[in-house]
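Listed below are the residues making up each chain.
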Amino acid sequence: MSRRRPTEGGPALSRRALLTGTAGALGGAVLAGLPGVLDGQEAAPARPIVPEDATKLQGAATSPLGERSPFVTASRAPYGETVGSSLTPLQDLTGVVTPSDLHFERHHAGIPALDPERHTLTIHGLVERPLTFSVDDLKRFPQTVRTYFIECSGNGRAAYREPKPEMTAQKVSGMLSTSEWTGVPLATLFREVGAKPEAKWFLAEGGDACLMTRSVPMAKAWDDAMVVWAQNGEPLRPAQGYPIRLLLPGWEGNINVKWLRRLELGAAPWMTRWETAKYTDPRPDHTADMFTFAQQAKSIITSPSHPGRIASPGWHAVHGLAWTGRGRITKVEVSVDGGGRWHEAELLGEVRPKAPVRFQHMWEWRGDAATLLSRATDETGEVQPTRTALIATRGIGTDYHFNQIVGWQVARDGAVTFHGET
Amino acid sequence: MRRLFPLTLLAALVACRGGDGPSGSDTADAGTRYGLGRPADAQFVARLDTDIDPSGAALPAGRGTAAEGAVLYAAQCAMCHGAEGLGMPPAFPRLLGRDPKAEDFTFASDHKLPKTIGNYWPYATTLFDYIRRAMPLTAPGSLTDDQVYALTAYLLAADGVIPKETTLDAAALAAVKMPYTDRFIWSAEAGSQDRD
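For the protein sequence lines, the chains are D and F, in the order given.
Residue numbering for the first sequence follows my numbering, beginning at 1 and increasing consecutively.
Residue numbering for the second sequence follows my numbering, beginning at 1001 and increasing consecutively.
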């Protein structure tokens, strides 16, 4: 879906723009000063080509769709998987909201192509009135707009099992993305169909090639669940469930069923493959937990982070994201000495439930080796555990919900590498 | 509050809200039913509603033997999951081959222990449901119910859950007891319902 891949190292102004639109006004003299344009060779994926002095010539024209600056190369990785995932480049982003085209992906059967005029949502089972809604019907209900994260419950597994210095924030925690979602509260729909009191669970089914199904306790529907059709002010991206998806704020990504086509109300869970063989958490006492829905208190410093480098001593804003699926983040602490001393970080902007908050800690680097860590606390009182503590309580083989403290080693030359063995 | 209003004011309020008059309502209460959507067509629902819960009540008619399943498996599944069901991780998951070291459900202490149908899956009905909805990967929904019974029987037999000569139908599948069901514990988030 991304129109330009970073590995192609797209030139600054496209060749077309240079040779037609803007370039036409530049004149040969200017063009001659742009290496790689007239000699017919694509410049190596190096620095984009821009004029020496942008104030001396007209800029590019308006266009139907915006593009990032050619100097911005943020991209999801890996890609090309239908049963698999792509990760959000957390190290390249600021603020809280994830640009929609950089939202992480996790599919079990690829991205289906769905016609919004043919796609419907049917609600049946333990209801007074089984109903089928068109997407337009759903948009006529009173809507709500909320900012929530979605995080795959497998996020952080590689960094938990086998932390490696060369891991990036994207690799460590990139299955976390945040959007402003627009949709209808599920409670509104369940009142419309007349949910029966005997209904204790509902089954959500997607319209992809694996007909993804998950069982959800009814309490979540009466709390904050939504059926959403928009993300960051525009219709959902196909990879995020176009035309509609289920949104269960704060709960593991998989249960936020995309391409939602059916909701069945029932008395007990269905025990689908995705809540038995997968998305269950083995425990050291030789059992496995089922229905572990909420994502726990968690944080990661995204700047500085690998493969970045601290260019010079002096003041630096150490910042990152903290989030919890159990309400609000109440505190984030940063340590620059590997956990010896902790400093309460500033929380930037409004702290919203089940949405990340960006934290910041000002740090004067004197050129010594340092270990930067962050530690989040949420309103339930949960404090992010160290990796050692999490292994002790959950085991190295636990499969989901990794919220161990992570951080970065800063070498004397400013090189930054991942520090996962906390 | 409203009951205390003078009648005229109440009448004005009702008029303002539009009531059920020809011009419709100008505003909605929290409990309003919007009358959107259309009655779900029973046949349409029946076509979508293929899910099978552990009671097996929704299992379809049909039957299949493990021997029939072995033939189907070799033809339609082995290319991805391997002749012995060992898979080609990470792309194609392992289905079979219980490691004796895993038989005490020690997955938390050793993530390299392979989870298989026999040593992990808590419900046999899940296997039927999943194969019918999602496999084979390149042609989901192409198997007949008899074929799904046969493949389910083959996989359960091959992983030591049921005898190799088993024929599965609705009643037989609903009765299959998986070895490790009792190891699965509902988290508090699942609410206070009883386990079935």
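Heads up, a few of these hints could be off.
Restricting the straight-line Cα-Cα distance to at most 20 Å, the calculated cross-link-like pairs of lysine to aspartate or glutamate (EDC-like) are [unchecked claim]:
id	chain 1	residue 1	chain 2	residue 2
1	D	Lys139	D	Asp101
2	D	Lys331	D	Asp413
3	F	Lys1164	F	Asp1182
4	D	Lys139	F	Asp1029
5	D	Lys196	F	Asp1049
6	D	Lys200	D	Asp223
7	D	Lys278	F	Asp1110
8	D	Lys278	F	Asp1029
FYI, nobody ran anything at the bench for these hints, they're computed from the structure.
Owing to the predicted nature of the structure, the values given are computational and were not obtained by experimental measurement.
(request) Assess, step by step, whether the Cα of lysine 200 of chain D is no farther than 20 Å from the Cα of aspartate 223 of chain D, and give holds or violated. (result) This hinted pair holds, its Cα atoms lying about 14 Å apart.
(request) Sort out whether aspartate 1029 of chain F lies within 20 Å of lysine 139 of chain D, counting only the CA atoms. (result) Given pair lysine 139 of chain D, aspartate 1029 of chain F holds - Cα atoms ~18 Å apart, limit 20 Å.
(request) Take a quick look at whether lysine 1164 of chain F and aspartate 1182 of chain F sit within 20 Å of each other, Cα to Cα. (result) violated (24 Å)
(request) Decide if the proposed pair is consistent with the structure: lysine 278 of chain D and aspartate 1110 of chain F, CA atoms, cutoff 20 Å inclusive. (result) holds (17 Å)
(message) Check whether the Cα positions of lysine 196 of chain D and aspartate 1049 of chain F lie no farther apart than 20 Å.
(response) Given pair lysine 196 of chain D, aspartate 1049 of chain F holds - Cα atoms ~19 Å apart, limit 20 Å.
(message) Against the 20 Å threshold, does the CA-CA distance of lysine 331 of chain D and aspartate 413 of chain D hold or violate the hint?
(response) violated (31 Å)
(message) Run the distance test for lysine 278 of chain D versus aspartate 1029 of chain F: straight-line Cα separation, threshold 20 Å.
(response) violated (42 Å)
(request) Assess, step by step, whether the Cα of lysine 139 of chain D is no farther than 20 Å from the Cα of aspartate 101 of chain D, and give holds or violated. (result) violated (23 Å)
Checked against the numbered hints above, the structure breaks hints 1, 2, 3, 8 and satisfies the rest.
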